[in-house]
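**Q** In case you want the letters, here they are:
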Amino acid sequence: MDQDSELARRAAAGDAAAFTALVRAHEGAVRRFLSRLTRGDGADDLAQETFLKAWRMAGTWRGEGSYRGWLMRIAWTQFLGAHRARGRSDARDQAVYESDTPARHDAEGAIDLDRALADLDERERAAALLCFGEGCSHSEAAEIMGVPLGTLKSIVARARTALAARLEVVR
Amino acid sequence: MTEDGANTEDRLIDERLAALFATAQALPDEAFVGRVERAVLAEQRMAAVRKALWRRFGIEAAGSIAVAAAFVLLGRLGPFTLELGEGPFSPAVAAGLALVLWLAVEMRPVPRTGR
Chain B
1 MDQDSELARR
11 AAAGDAAAFT
21 ALVRAHEGAV
31 RRFLSRLTRG
41 DGADDLAQET
51 FLKAWRMAGT
61 WRGEGSYRGW
71 LMRIAWTQFL
81 GAHRARGRSD
91 ARDQAVYESD
101 TPARHDAEGA
111 IDLDRALADL
121 DERERAAALL
131 CFGEGCSHSE
141 AAEIMGVPLG
151 TLKSIVARAR
161 TALAARLEVV
171 R
Chain L
172 MTEDGANTED
182 RLIDERLAAL
192 FATAQALPDE
202 AFVGRVERAV
212 LAEQRMAAVR
222 KALWRRFGIE
232 AAGSIAVAAA
242 FVLLGRLGPF
252 TLELGEGPFS
262 PAVAAGLALV
272 LWLAVEMRPV
282 PRTGR
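In order, the protein sequence lines correspond to chains B and L.
By the working numbering, the letter at position 40 of the first sequence is numbered 40, and the numbering carries on one by one without gaps.
By the working numbering, the letter at position 94 of the second sequence is numbered 265, and the numbering carries on one by one without gaps.
Quick caveat, the hints were computed from the structure, so don't treat them as lab data.
As the structure is a computational prediction, the values presented were derived from the model and not from experiment.
No residue lacks a Cβ here, since even glycine has one placed at the ideal position from N, Cα and C.
Honestly, I wouldn't trust all of these hints.
[Stated by the list, open to error] Interface residues of chain B toward chain L, partial, derived using beta-carbon atoms under 10 Å: (1) E27; (2) A128; (3) E134; (4) T161.
[Claimed, not checked] Calculated pairs, EDC-like style, for lysine to aspartate or glutamate (alpha carbon to alpha carbon, straight line, at most 20 Å): (5) K153/B <-> E180/L; (6) K53/B <-> D4/B; (7) K153/B <-> E186/L; (8) K53/B <-> E208/L.
[Claimed, not checked] Here's a subset of chain B near chain L, in silico, CB distances under 10 Å, partners left out: (9) G14; (10) A17; (11) T20; (12) G28; (13) R31; (14) A47; (15) C131; (16) F132; (17) G133.
Work out the full structure, taking the sequences as your base and the hints as a guide.
**A** Here it is, written out as structure tokens:
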């Protein structure tokens, strides 16, 4: 049994210290994912809600797949819930960024990924973050996002094309 | 372009994108970890309080049902005369006394815990 599984088993039995160890191990990935998904708007609150929900649902983790993947799935669900509750739309996202469309390079040549990501819809953004940013396989990302594998592959293909064009990754 | 050629090209683009997404491994943010830890402990305390309240509610509901059932059963016994002259230990007086004691215990002031 790997370390996460052992800690998750103890957390399911009500061991708060074991759960804190899991938070320490995975908070970086969850917050990075949510921060880029929301572009920083309330990402930490969502991350905290994600971990609280994981604590409440600790007994439901069956040990299938990685614990991080399970957390990411909760984070994605939390994001969708918050996003829908606020009634935001892609139109608003577009409006915020429409005057700034070209991807920006700073003095050191680092590319402004966040602006490129802002042009994607939320599913494309999440798929790109999971597959390119977190190194998830397509099947893991499909599981996290709760979509069929074929659908996920289509989403990733669209995200790849859009990001490659925006970030000037030459085909 | 063949499908293999397209796949190889996609893979190269994926690798470049992954390199752009790569971030340095940061140490855990202890402030955030502490925030979650406090929230989890608060949840744990709330759950314990909720459990205690439900248990108390269950016990009191069972007690109330028992008292109500006793009254219903007594009501079905038909008219009877209360002989107060029988002395202080008659069953009716004892039952009344028990009811008063139960009410007194239920309505006692709750000591402050300082929280």
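**Q** Each hint should be assessed against the structure and marked as holding or not.
**A** Against the structure, the hints:
Annotation: interface hint on E27/B holds; nearest CB of chain L at approximately 6 Å, less than 10 Å. Evaluation of the A128/B hint against chain L yields a held restraint, the C-beta minimum of about 7 Å falling below 10 Å. Because the closest C-beta pair between E134/B and chain L is about 8 Å apart, less than 10 Å, the hint holds. The restraint placing T161/B at the interface with chain L holds, with a minimum CB-CB distance near 9 Å, inside the 10 Å limit.
Between K153/B and E180/L the CA atoms are separated by roughly 15 Å; this keeps the pair inside 20 Å, and the hint holds. Distance hint between K53/B and D4/B is fulfilled; the C-alpha atoms sit about 17 Å from each other, no more than 20 Å. Between K153/B and E186/L the alpha-carbon distance is near 16 Å, which keeps this suggested pair within the 20 Å criterion. For the hint linking K53/B to E208/L, the alpha-carbon distance of about 13 Å falls within 20 Å, and the restraint holds.
Satisfaction of the interface hint for G14/B is found here, the shortest Cβ-Cβ separation to chain L being roughly 7 Å, below the 10 Å cut-off. For A17/B, the shortest C-beta to C-beta distance to chain L is roughly 9 Å, which falls under 10 Å, so the interface hint holds. For the restraint placing T20/B at the interface with chain L, the shortest Cβ-Cβ distance is roughly 5 Å, inside the 10 Å limit, so the hint holds. The beta carbon of G28/B is positioned within 10 Å of a beta carbon in chain L (closest approach about 6 Å), and the interface hint is therefore held.
Checking R31/B against chain L by beta carbon gives a least distance of about 7 Å; that is within 10 Å, so the hint holds. Because the closest C-beta pair between A47/B and chain L is about 7 Å apart, less than 10 Å, the hint holds. Using the Cβ-Cβ criterion of 10 Å, the hint placing C131/B at the interface with chain L is satisfied: the shortest such distance is roughly 7 Å. With a cut of 10 Å, the hint placing F132/B at the interface with chain L holds, because the nearest CB-to-CB distance is about 4 Å.
The beta carbon of G133/B is positioned within 10 Å of a beta carbon in chain L (closest approach about 4 Å), and the interface hint is therefore held.
Comparing the model with each numbered hint stated earlier shows that all of them hold.
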